[in-house]
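Undergrad: In short: position in the sequence shown from 1, add 451, done, that's our numbering.
Note that these hints are calculated values from the structure, not bench results. Treat the hints with caution; some may be incorrect.
Here are the simulated BS3-like pairs of lysine-lysine, each with C-alpha atoms no more than 30 Å apart in a straight line [unchecked claim]:
no. : residue 1 : residue 2
1   : Lys624    : Lys607
2   : Lys607    : Lys722
3   : Lys685    : Lys624
4   : Lys685    : Lys607
5   : Lys607    : Lys676
6   : Lys685    : Lys722
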Amino acid sequence: MMRLIKQASVLCCVLALSACGGLLKKGAPPAPVTDSVPNPQVLLLGEVVDNVQGQRLRLAELQRRVAAGWRPVIVMEQFDRDTQPLLTRATRDCADPDCIIRVMEQPGWDWDQYRPVLDLVINYQLTLIAGNLSRTDASRTARDGMQWSMSPAMVKTYLSAPVPADLLQGQRKQIQESHCNMVSDMMIDGMIHTQVARDIWMAKLIRDQAPREVVLFAGNDHVRKDIGVARWLKLADPQLNVRSIGYVEQGSQAIAGEFDLTQTMAPQSRKDPCAKFKAK
Numbered sequence: 452m453m454r455l456i457k458q459a460s461v462l463c464c465v466l467a468l469s470a471c472g473g474l475l476k477k478g479a480p481p482a483p484v485t486d487s488v489p490n491p492q493v494l495l496l497g498e499v500v501d502n503v504q505g506q507r508l509r510l511a512e513l514q515r516r517v518a519a520g521w522r523p524v525i526v527m528e529q530f531d532r533d534t535q536p537l538l539t540r541a542t543r544d545c546a547d548p549d550c551i552i553r554v555m556e557q558p559g560w561d562w563d564q565y566r567p568v569l570d571l572v573i574n575y576q577l578t579l580i581a582g583n584l585s586r587t588d589a590s591r592t593a594r595d596g597m598q599w600s601m602s603p604a605m606v607k608t609y610l611s612a613p614v615p616a617d618l619l620q621g622q623r624k625q626i627q628e629s630h631c632n633m634v635s636d637m638m639i640d641g642m643i644h645t646q647v648a649r650d651i652w653m654a655k656l657i658r659d660q661a662p663r664e665v666v667l668f669a670g671n672d673h674v675r676k677d678i679g680v681a682r683w684l685k686l687a688d689p690q691l692n693v694r695s696i697g698y699v700e701q702g703s704q705a706i707a708g709e710f711d712l713t714q715t716m717a718p719q720s721r722k723d724p725c726a727k728f729k730a731k
């Protein structure tokens with residue numbers, strides 16, 4: 452879920468955590484990688500949210516598959532799940548991506564990056580599903596626990612047993628690194644709850660589309676096999692054919708087993724997201 456840190460407030464980072472990401476080094480532009488594996492039941496496509504090259508490579512991967520006849524449901528982190536009725540009407544009635552963007556009024560995203568995806572949805576009449584927690588749900592989840600927004604059936608499916616310790620530790624590490632190791636002990640548990648709840652909701656919404664095939668557009672941390680949506684999908688349905696592609700800036704630290712396929716790209720030029728913290 453790798454947006455630049457926009458505010459020094461840790462609480463704001465809780466609410467926008469799905470888009471936060473690690474600090475990455477610069478390097479030479481790598482060559483595009485094309486996935487040669489056939490279409491899975493679920494394809495998870497990650498992102499570094501502000502990396503223009505990565506967004507284009509990810510779009511090209513989906514365009515290639517759709518042009519060959521694939522018609523998956525598209526789940527997008529960029530839309531809050533409680534806006535689904537409005538999103539359904541917008542994709543049905545709008546003739547262009549700008550109309551969908553205008554109707555949905557989802558702030559905090561660079562919609563220039565996602566306009567081509569919405570164009571693909573309209574041109575091929577693909578089903579579009581909102582996959583994220585709302586800010587209100589994220590705030591309540593941070594305060595009251597990861598099960599707060601979930602029905603008893605969801606809790607039974609995903610949280611009947613304690614969340615695995617390695618998953619929680621992986622989330623803790625990712626959150627600290629993506630927030631410049633400035634998250635207080637008082638705040639981090641709530642941030643972990645929010646991130647895990649996002650991943651469980653995305654997994655639930657993906658499984659709701661069965662038997663149709665699904666593509667998820669979300670931040671790299673969400674599509675990780677070890678701590679993200681893929682982990683929860685396998686917990687709920689071990690037989691599900693899930694494939695994850697990470698879009699990672701060259702020079703970033705890779706963790707074995709994060710993704711099935713890693714597409715590297717040149718780092719995006721950006722200001723140091725830790726500068727505000729360093730100035731304190």
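Undergrad: Next step is simple, just say for each hint if it's right about the structure.
TA: Now the hints, each set against the structure:
Simply put, Lys624 and Lys607 have alpha-carbon atoms about 27 Å apart, close enough for the 30 Å limit, and the pair holds. For a cut-off of 30 Å, the pair hint linking Lys607 to Lys722 is broken: about 43 Å separates their Cα positions. Between Lys685 and Lys624 the CA atoms are separated by roughly 22 Å; this keeps the pair inside 30 Å, and the hint holds. A distance of roughly 15 Å separates the Cα atoms of Lys685 and Lys607; the hinted pair therefore holds under the 30 Å criterion.
Simply put, Lys607 and Lys676 have alpha-carbon atoms about 22 Å apart, close enough for the 30 Å limit, and the pair holds. A threshold of 30 Å between alpha carbons decides the hint, and for Lys685 with Lys722 the separation of about 37 Å lies outside it, so the pair is violated.
Comparing the model with each earlier hint shows violations of hints 2, 6; every other hint is respected.
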